[in-house]
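Whole structure, please, built from the sequences with the hints as guidance.
Just so you know, the working numbering puts 264 at position 256 of the sequence shown, and the rest follows in order with no gaps.
Be a bit skeptical, because a hint or two may be false.
Claimed, not checked - Here are the computed distance ranges between Cβ atoms for each label pair: (1) Asn114 with Arg275: 41 to 47 Å; (2) Lys189 with Ile122: 33 to 39 Å; (3) Lys15 with Asn148: 37 to 43 Å; (4) Lys25 with Arg276: 21 to 27 Å; (5) Arg275 with Gln231: 20 to 26 Å.
No lab work stands behind these hints: they were computed from the structure. Glycine included, every Cβ here is placed at the ideal spot set by N, Cα and C.
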Amino acid sequence: MEVKLEKVSFAYGNTSKDILNNISLSFHSGERIAIIGQNGAGKTTLIKQINGMIKPTSGKITIDGVNVADRSTAEWAHKIGYVFQNPNDQLFLDTVKKELLFGIKNEQLSNEIITKRLDKVAFLTGLTEKLQKHPLDLTNLDKKFCAIGSVLMMNPDLIILDEPTGGQDYQGIRRLAHLIKDMHENRKLCIAVSHDMKFVAENFDRIIVLNKGRVVLDGTPSQVFSCTEELAKAAITIPPLMKLTRTLEWPDTILRQQDFISEFIKRRKT
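This is the structure we're talking about:
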């Protein structure tokens, strides 16, 4: 899959102020991309453009060469899965199992394939023992995973996550990290909007920073989080582990806990 944004701008109504300003980007299968920026930077507006929920004021977005604006959001649902920040916006049936099966029931798939997919998704989302529960009786953590699971059941090529760590505890964040790793291993394109810099640094290979509707940084976590001046302008704080490594005068490339432990052991031996 290839997603291309070509000089995309967007403004609400008759306002002259652009929420997005002349954005050109490309994304490909297997990438794990985090979009970060302060509130009002245009992050959610950008991801809603990608699946056609909002149309650009100018510019063009294509998926595998097809203009997103030429098809409805429903028509893109088999290729693009979108998980809202608030899972209650996506849950409306009376059991978790029905929620997971809702979209896929209209696909021409055998019962065997559907059952296998349900078993895998329920396992990945931690919902295997909760399939008969009412979604509204779930914890906020499990509601989020129910919404994610309903998207994964459709086996889309692109999964968009809006603030996935919101309301998650440590176990939920670990489960989410495992899900994103599974998407990557299956060559899915994953794009997430997040304010959680620790989670972003540890689970994504590419970070895009928005500031006032413009892309100001685009690179690997170590590249982006090394740009102190641009991050300050965008009101973004570096991950806690990076603050520690800078205090210790260690390399800025240490962003994951395991890398920190390895560096610590190496330095203990010297």
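Checklist line | CB-CB spacing for Arg276 and Lys25 relative to the 21 to 27 Å hint | finding: About 54 Å separates the Cβ atoms of Lys25 and Arg276, which means 21 to 27 Å is violated.
**Request:** Using the Cβ atoms, figure out if Lys15 sits within 37 to 43 Å of Asn148.
**Result:** 39 Å, holds
Q. CB of Lys189 to CB of Ile122, is that within 33 to 39 Å?
A. Between Lys189 and Ile122, where Cβ atoms are some 24 Å apart, the hint is violated.
That 41 to 47 Å hint for Asn114 and Arg275 (C-beta), does it hold up?
-> 57 Å Cβ-Cβ, so the 41 to 47 Å window is violated.
*asked:* Quick check: does the Cβ-Cβ distance between Arg275 and Gln231 fall within 20 to 26 Å?
replied: Holds: the Cβ-Cβ distance is about 24 Å, inside 20 to 26 Å.
When each numbered hint is compared with the structure, violations occur for hints 1, 2, 4.
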